[in-house]
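Number of protein chains: 2
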Amino acid sequence: MRSERLLVIGGVAAGMSAASRARRLDSNLEIVVLEKGRDVSYGACGLPYFISGRVADASELVVHNADYFRKERGIDVRLGHKAVSIEPGFKLVVAETDQGQRAEIHYDKLVLATGGAPAEDIPGFERGNVFNCNDLASAVCLRAFLDREKPRRAVIAGSGYIGLEVADALVSRGLEVTILERSETALDGVDSELAAEIERVLASHGVALKKNAPVSQIAGPAGALATSVLYGLAGSIPADLVILSTGIRPRTALAESAGVALGRTGAVAVDDAMRTNVHSIFAAGDCTEVQHIVTGAPAYFPLGTTANKQGRVAGENAAGGHARFPGIVGTLVTKVFELEIARTGLSLAQARDTGFSPQSVAITSISKAKYFDGKPLLVKLIWDQPTGLLLGCQLAGEDGAAKRIDAAAMALHARMRVADMLNLDLGYAPPFAPVWEPILIAAHEAMKLIARS
Amino acid sequence: MRSERLLVIGGVAAGMSAASRARRLDSNLEIVVLEKGRDVSYGACGLPYFISGRVADASELVVHNADYFRKERGIDVRLGHKAVSIEPGFKLVVAETDQGQRAEIHYDKLVLATGGAPAEDIPGFERGNVFNCNDLASAVCLRAFLDREKPRRAVIAGSGYIGLEVADALVSRGLEVTILERSETALDGVDSELAAEIERVLASHGVALKKNAPVSQIAGPAGALATSVLYGLAGSIPADLVILSTGIRPRTALAESAGVALGRTGAVAVDDAMRTNVHSIFAAGDCTEVQHIVTGAPAYFPLGTTANKQGRVAGENAAGGHARFPGIVGTLVTKVFELEIARTGLSLAQARDTGFSPQSVAITSISKAKYFDGKPLLVKLIWDQPTGLLLGCQLAGEDGAAKRIDAAAMALHARMRVADMLNLDLGYAPPFAPVWEPILIAAHEAMKLIARS
Numbered sequence: 000m001r002s003e004r005l006l007v008i009g010g011v012a013a014g015m016s017a018a019s020r021a022r023r024l025d026s027n028l029e030i031v032v033l034e035k036g037r038d039v040s041y042g043a044c045g046l047p048y049f050i051s052g053r054v055a056d057a058s059e060l061v062v063h064n065a066d067y068f069r070k071e072r073g074i075d076v077r078l079g080h081k082a083v084s085i086e087p088g089f090k091l092v093v094a095e096t097d098q099g100q101r102a103e104i105h106y107d108k109l110v111l112a113t114g115g116a117p118a119e120d121i122p123g124f125e126r127g128n129v130f131n132c133n134d135l136a137s138a139v140c141l142r143a144f145l146d147r148e149k150p151r152r153a154v155i156a157g158s159g160y161i162g163l164e165v166a167d168a169l170v171s172r173g174l175e176v177t178i179l180e181r182s183e184t185a186l187d188g189v190d191s192e193l194a195a196e197i198e199r200v201l202a203s204h205g206v207a208l209k210k211n212a213p214v215s216q217i218a219g220p221a222g223a224l225a226t227s228v229l230y231g232l233a234g235s236i237p238a239d240l241v242i243l244s245t246g247i248r249p250r251t252a253l254a255e256s257a258g259v260a261l262g263r264t265g266a267v268a269v270d271d272a273m274r275t276n277v278h279s280i281f282a283a284g285d286c287t288e289v290q291h292i293v294t295g296a297p298a299y300f301p302l303g304t305t306a307n308k309q310g311r312v313a314g315e316n317a318a319g320g321h322a323r324f325p326g327i328v329g330t331l332v333t334k335v336f337e338l339e340i341a342r343t344g345l346s347l348a349q350a351r352d353t354g355f356s357p358q359s360v361a362i363t364s365i366s367k368a369k370y371f372d373g374k375p376l377l378v379k380l381i382w383d384q385p386t387g388l389l390l391g392c393q394l395a396g397e398d399g400a401a402k403r404i405d406a407a408a409m410a411l412h413a414r415m416r417v418a419d420m421l422n423l424d425l426g427y428a429p430p431f432a433p434v435w436e437p438i439l440i441a442a443h444e445a446m447k448l449i450a451r452s
Numbered sequence: 000m001r002s003e004r005l006l007v008i009g010g011v012a013a014g015m016s017a018a019s020r021a022r023r024l025d026s027n028l029e030i031v032v033l034e035k036g037r038d039v040s041y042g043a044c045g046l047p048y049f050i051s052g053r054v055a056d057a058s059e060l061v062v063h064n065a066d067y068f069r070k071e072r073g074i075d076v077r078l079g080h081k082a083v084s085i086e087p088g089f090k091l092v093v094a095e096t097d098q099g100q101r102a103e104i105h106y107d108k109l110v111l112a113t114g115g116a117p118a119e120d121i122p123g124f125e126r127g128n129v130f131n132c133n134d135l136a137s138a139v140c141l142r143a144f145l146d147r148e149k150p151r152r153a154v155i156a157g158s159g160y161i162g163l164e165v166a167d168a169l170v171s172r173g174l175e176v177t178i179l180e181r182s183e184t185a186l187d188g189v190d191s192e193l194a195a196e197i198e199r200v201l202a203s204h205g206v207a208l209k210k211n212a213p214v215s216q217i218a219g220p221a222g223a224l225a226t227s228v229l230y231g232l233a234g235s236i237p238a239d240l241v242i243l244s245t246g247i248r249p250r251t252a253l254a255e256s257a258g259v260a261l262g263r264t265g266a267v268a269v270d271d272a273m274r275t276n277v278h279s280i281f282a283a284g285d286c287t288e289v290q291h292i293v294t295g296a297p298a299y300f301p302l303g304t305t306a307n308k309q310g311r312v313a314g315e316n317a318a319g320g321h322a323r324f325p326g327i328v329g330t331l332v333t334k335v336f337e338l339e340i341a342r343t344g345l346s347l348a349q350a351r352d353t354g355f356s357p358q359s360v361a362i363t364s365i366s367k368a369k370y371f372d373g374k375p376l377l378v379k380l381i382w383d384q385p386t387g388l389l390l391g392c393q394l395a396g397e398d399g400a401a402k403r404i405d406a407a408a409m410a411l412h413a414r415m416r417v418a419d420m421l422n423l424d425l426g427y428a429p430p431f432a433p434v435w436e437p438i439l440i441a442a443h444e445a446m447k448l449i450a451r452s
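Chains W and H, in that order, give the protein sequences.
Mapping of the first sequence onto numbering that gives the first Met the number 0: residues 0 to 452, in sequence order.
Mapping of the second sequence onto numbering that gives the first Met the number 0: residues 0 to 452, in sequence order.
In case anyone wonders, no lab produced these hints; they're calculated from the structure.
Wrong hints could be hidden among the right ones.
Chain copies aren't distinguished; within one or between two, either way the pair holds.
[What the hints assert, rightly or not] Keeping only pairs whose Cα atoms sit at most 27 Å apart, straight-line, the calculated DSS-like set for lysine-lysine is: (1) Lys70 to Lys447; (2) Lys70 to Lys81; (3) Lys70 to Lys369; (4) Lys209 to Lys149; (5) Lys374 to Lys447.
With these hints in hand, go ahead and build the complete structure from the sequences.
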């Protein structure tokens, strides 16, 4: 009797987590991973630090290479294999290799981990000086380009966290950087107070941020390094280098070929066991939507840390287990120059759009005792005014902002009201915090507004 | 008609928090604070850093001085006033000034914030080279002694967090330090894994730690700087300076004079509104016991951050409000040389003593990405094996250990099971965390042991 075969499509965070978890639970399972590129199991969140040079070699971002998975974990990783269609009736995946060969691979269980792709193809994106920072291969190309061409002027389309981190990286390499942001504020999902802090730190490092400036085209003579980035109604900026970071959309074409249903967000719909609507097909990572615990509705929130968790759950269940992924609360942390930025839950605008009746407060406290060089810390809390339920938290500062968000994320997981947060027993010692934890100070300020209504 | 009078006894963390909160809510209330010493409203947690010299001047530890409270907040702070008895039938407090005068002060509402005192009086404690680090005045005396006498050899009795922090401070001033600990491990309330880390860091800085070494006497010729510290059955160490930090006991004599009931721990019993059993008498801070949310029983856990919260609640309620203090989960954070130490909830031993059937796991992960100089991070989780309920967490490492405890403290507040922690949406970015948050890794390890039973 042949053993069961688990087939995983996509070998980055979610895919390799699924394969590894399944192997851990079932040493007899045959596990095959199809990866269209040449790299598996790398930390995409580290790509900006590879571009800056802090990560000297691309291999440092690779947790384990394909050989490791083959030899140490008995996982048959097939690089350069692009899955092109799925025939669920026959439990068959059709793949093409990068040598143009065609292969049909049977599965008993299938995990889709096809990831995300740049959200839009801006005309001119195929030019040689245009890059995204979406995968290891493109980051390697970008760094080689930086080393070879020594571009002077960079334009970054999009001020999401990747755009901001790449801006930081390029400034550290001596480039002049302009960011073109389509909307009215930097970093979608934070409110005006944090956006102002981001603008301040960008300006202080000489980064120009143009808002309401959607990029429409990258133009210029064929083959020339110097291009013009056209934006808005009549804007134009010269650029030796263009980075496209206007967001990620889920890669779903393969799933759709199998009749796998997409959700409202346009990403693959999965239940909390990471099952799709098609029997024996699971999905995980940036190709899927996730349950947002605060809104109670699906959201598209592609992040490596979520992909790892979902992949683990998908792999466990594909191997016959019973793991559950309850969803996210929308936590995001980034660093732009010296500024730590963190958010969780909903922004004020998102809360309003979701149908809550939100109220908010923003305070500035300090990260730790002054005599330990404590820095100002901005805390914003968002809550639902009728119920007092916490909806979100945003933090910014040069010290102690990033991981402080975890306390607020936990409050969201626990569905706490602001009133439940007034006396939380959080860690205090002068080298690490002021005696009144800043998030608690904000909760007390919030309570004044809640009590008044 | 005369206005109501709130009388507060004790002017440090809990007392001044109570007075300030009451003033905020009621501008007409007459508020009197009796403080036996000369200082109010200082951060006692900063005393080790005053001894080391990081805090240059004692005034930096004082949040506001008595004049500020008198002028800016209309609070009648009376320094050098020691309350000696309470007559609740007459709503009267008898005080003595440090000039030997006697005063009788009427109250309508009374807040007891008499704090804590050194746990034991070791024979010889009255010698001129013996100090505790319990209040600002004693820390000022100690620093003056260090400057004047330039002692070379220090012995610290007790390896609680204050003993450890003072050891760090004295080493930074060039002293040879020996710590004598009565029990089998350093820092009561942490398990062997953390205790081993503490021992390692002490040793690496030349601090000798003797365990099972209760101090019995400080002996030597009268008036001499050099004394002998006697410990255990026949131990003796020469010392130019002795620090007593064997713990804190609640100051309850005054409360008892009023018929205020003590709890099982020996500290003043209060409800969640900070009311004692005696009408119109509240209590807060180090003289009280607190509800431990994990055990569901009262505990004595004197900490400045708790005192501030309790004081605020007592002040609000004394002024006619309805605030509640739900209790603590036992969070404690400290730094000993380069080692950050954090704990929350119960240790394995405490969990066993409380009647749980605890199980634990300890893992070593990393504080953040290696290319951001991530450091090893020790995580220990303790849970109740039959129910899977989280009972405690301990962290140690040179980076990112201290405030990471907040996520675990929140899990305790929310009464989470380990199973609820596997996929928490905690902050991730390479400058701040590894892609799998160390606490989650520990939860997954714990889950293996829970699933097996």
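Hints versus structure:
Taking the closest pair of Cα atoms, Lys70 and Lys447 come within 27 Å of each other only across two copies (25 Å); inside a single copy the shortest separation is 61 Å, beyond that limit. Proximity of Lys70 to Lys81 under the C-alpha cut-off of 27 Å is restricted to the intra-copy arrangement: shortest distance 22 Å within a copy versus 76 Å between copies. When the C-alpha separation of Lys70 and Lys369 is checked against a cutoff of 27 Å, the pair qualifies only between copies, where the shortest distance is 25 Å, while the shortest distance within a copy is 53 Å. Taking the closest pair of Cα atoms, Lys209 and Lys149 come within 27 Å of each other only inside a single copy of the chain (24 Å); across copies the shortest separation is 61 Å, beyond that limit.
Taking the shortest Cα distances, Lys374 and Lys447 sit within 27 Å of each other inside one copy (26 Å), while across copies they are farther apart (41 Å).
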